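Read off the chains here:
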Amino acid sequence: MSIEIEHVHKQFGTFAALNDVSLTIPSGELVALLGPSGSGKTTLLRIIAGLESSDGGRILFNGTDTTESHVRERKVGFVFQHYALFRHMTVFENVAFGLRVRPRATRPSNSEIKAKVTELLRLVQLEVLAERYPAQLSGGQRQRIALARALAVEPQVLLLDEPFGALDAQVRAELRRWLRKLHDEIHITSVFVTHDQEEALEVADRIVVMNKGKIEQSGTPDQVYEHPANPFVLNFLGDVNLFHGRILQANGHVDTGENAVSYVRSHDIEIERTPLDSTALQAVVKHIQKLGPSVRVTLDIAGNNDFVEAELTRDVFHNLGLQHGERVYVRPRQVRVFVEDYQI
Amino acid sequence: MSIAKASSDNRYTQTEPFFVRWFLIAVALIFLTLFLLLPLGAVFSQAFEKGLTVYLDALKEPDTLSSIKLTLITAAVAVPLNLFFGVTAAWAIAKFNFIGKNLLLTLIDLPFSVSPVISGLIYVLIFGLQGWMGPWLQEHDIKIVFAVPGIILATIFVTFPFVARELIPLMESQGKEEEEAALVLGATGLQTFFRVTLPNIKWGIIYGVILCNARAMGEFGAVSVVSGHIRGMTNTVPLHVEILYNEYNYTAAFAVASLLAFLALITLAIKTIAEWKVRQQLNNN
Amino acid sequence: MIQRKKHNNVLPGFGPSLGFTIFYLSVIVLIPLSALVFRAAGLTWGEFIDTVTAPRVLASYKVTFGSAIIAACINSVFGVIVAWVLVRYRFPGRRIVDALVDLPFALPTAVAGITLATIYSPNGWIGKILEPHGIKIAFTPLGIILAMTFIGLPFVVRTVQPVIEEIEVELEEAAVCLGANRLQTILRVIVPLLLPSVITGFALSFARGVGEYGSIIFIAGNMPMVSEITPLLIITKLEQFDYRGATAIACVMLLASFSMLLVINLLQRWTRRFAE
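Chains as they are written, first to last, in this note's numbering: chain A, 5 to 348; chain B, 2 to 286; chain C, 8 to 283.
Bound conformation, chain A alone:
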């Protein structure tokens, strides 16, 4: 089912949590709402679910206006950040809840409920835990139960609020892959909120980058990563270096004037011993930091305390054999130029 968000506005006192947001989510896609805290992404998700009302605008499910319909009637699956599992119910009863509260006429029989819940627990690979209570589960297990519970009511839309936020790094990576796989199997239109760019890039079909209540850019992971619409998106999706207008102007990269700023991702900076051409800049190696598979080299460009960080693979680093204090040449591989009135 597709979701259309039209001119949605949400005000908390004097603070505009969402400022005229419009967005279309095509049917069957897995979409990430990505942004820093306070960007309005969770508010947007809760408005889609019907857990909060907007102050203006409409939400359409498959072209039908749902703005006025109650959360109960929207048939959405919602996975809460802290799972919100019913602590007094077993895992089985948690998953069965959505079926048990149906009106008698549409309520499945006990055996149907049992079959359905068992199937869902198998889907999330936790059948053996059916009789446990939420307090006896690990974070990752709770997350999967929360997901099974949301899926039990056969929602048209699945909404996940920071689904991996409260988990440790390893479980997080594992669940991420698992969610992607699950989505490929069941193809339900899904929206998840995250502040982790890596998570969004890995899992989502489409990324919606949000900032200060507005959508900065919406597109496939490749689009937003390769062609960021503005410095905010660029900066939010990876480490970047700023080159102020003057420097690169001399090298012919910027010809629009002094107000432009160039941005180069740290892994797009090449370090050379001898300058290949005139685009290379002279720099001094100030600091070398080894971070697992990669090495971060801090360089001082042209000796005027204009620091740049380059990220190299270990191989490249070893081949270069860089030393602290050494003079080298730096060449940006891919430069993005934005006019400077934009604040990061």
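Be aware that a few hints might be false.
The calculated lysine-lysine pairs, modelled on DSS-like cross-linking and capped at a C-alpha distance of 27 Å, are [what the hints assert, rightly or not]:
#, chain 1, residue 1, chain 2, residue 2
1, A, K216, B, K177
2, B, K203, B, K278
3, B, K51, B, K61
4, B, K203, B, K272
5, B, K70, B, K51
6, A, K79, B, K177
7, A, K185, A, K118
8, B, K278, B, K177
9, B, K51, C, K135
It should be emphasised that the hints constitute simulated quantities derived from the structure, not laboratory data. Owing to the predicted nature of the structure, the values given are computational and were not obtained by experimental measurement.
Chain A is fixed; fit chains B and C onto it per the hints.
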């Protein structure tokens, strides 16, 4: 285990010298014995002073039985009303935000800070013969003050905050995510309340109700003002104790008082269990 | 005045639950209490002042408030010791003692009254021991202090106890690492942390003592000018059908209670000022 051993869970690495610990424990225990244990023991010792037969006879006396009946009726009206109020108020206050919330909280606590005597007096001023509604009530032959309704009203007043006061912080700490989850899953408002909210506040309710009940059955000052002290008619158990005591019928007075002391002990036991359960529930959050 | 913010609107039942809350609160508490104030407003200022400053009434204030202050002081000292011992030390029967602290909450005041009067009367368990030394407790102002101490004790213990539980052990360890001895640690680190809660407990205990009636009248002796407490005076006036007198004095008591409620609220806010 030696007396005055520092905390066995070793949380407290810093503690006082052995003699200081021992001294403080002794002071605390002597103080509590003098003030709490001794009176408690005295109730039962006085009650059984002249043997079990006299004790049972005192309880079987018709005026005693009618006072027990009145006390039970009073509690049976006051406690459910205040329970219903407590749950409703806690729902509004803990799950929603609105302007004036703090004022409302203060007003709910008000009956605790009013002297019991005043709690009774206010109803006399409204429903008494010289009161606002007095003449009208007399015309229609309705008796509130110096009758059972007055006793019940005064009891409701003094036990008013118990359940609400216990539930509000508990429900606030539990947040509203579970209720939201239930609604998203298609539950109706009532289903959400009975299947999700209620099980989570069960022990909080028990705690509030047991304290509310103890106070309802034991209230003396407020009830004394509105009762009129008619033997066998408008005497609750505590008032009956007073009458027996003032008639120098000590054994009977303590026999009846022992019922209330027994109630207090049961209350403390249930309260301790409920407290433990609530704490456990909060730790699971 | 009471208005709901719009973004909180998924959970049902806000209107009815708040409506009932306010209705019930008004019927049971607010309207009856306001009756007292309106009744008092029916008196002229002169009448009112004459009533509430009559010598017998003034004497009752002195007895009531004086005894309540002394009882609250006793409770502050022993209550802190009890709370400290219960949290910090392990000894057999600690849990039972802990539960028993709430006895004055649970035990009906009339029962407490007749029991204390019996124990401390000249031929009672303790009175017998004190009598030869010329100490009389029952039927004297001392009895009032005793009863007020009894009913006020849990307030101090239960206010201070959670604060002691929350003191981080690291604070004391830090103090020791910085060279403080145990006494310095207690005086400079622990006492300042406990002080606000002790004061709050004191105020709660004091407020309870001032309003108390049931447990006191059996042990006080109730002699006008000497051992007659204000709540008893209200009842006496009422029994003499002096509704105006009773109302006026009750108003003064109510004013005192509200002032204390305000002070307690401010104290509690002050206690929480370091809380995150």
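(request) Hints the structure violates: just list their numbers, smallest first. (result) none
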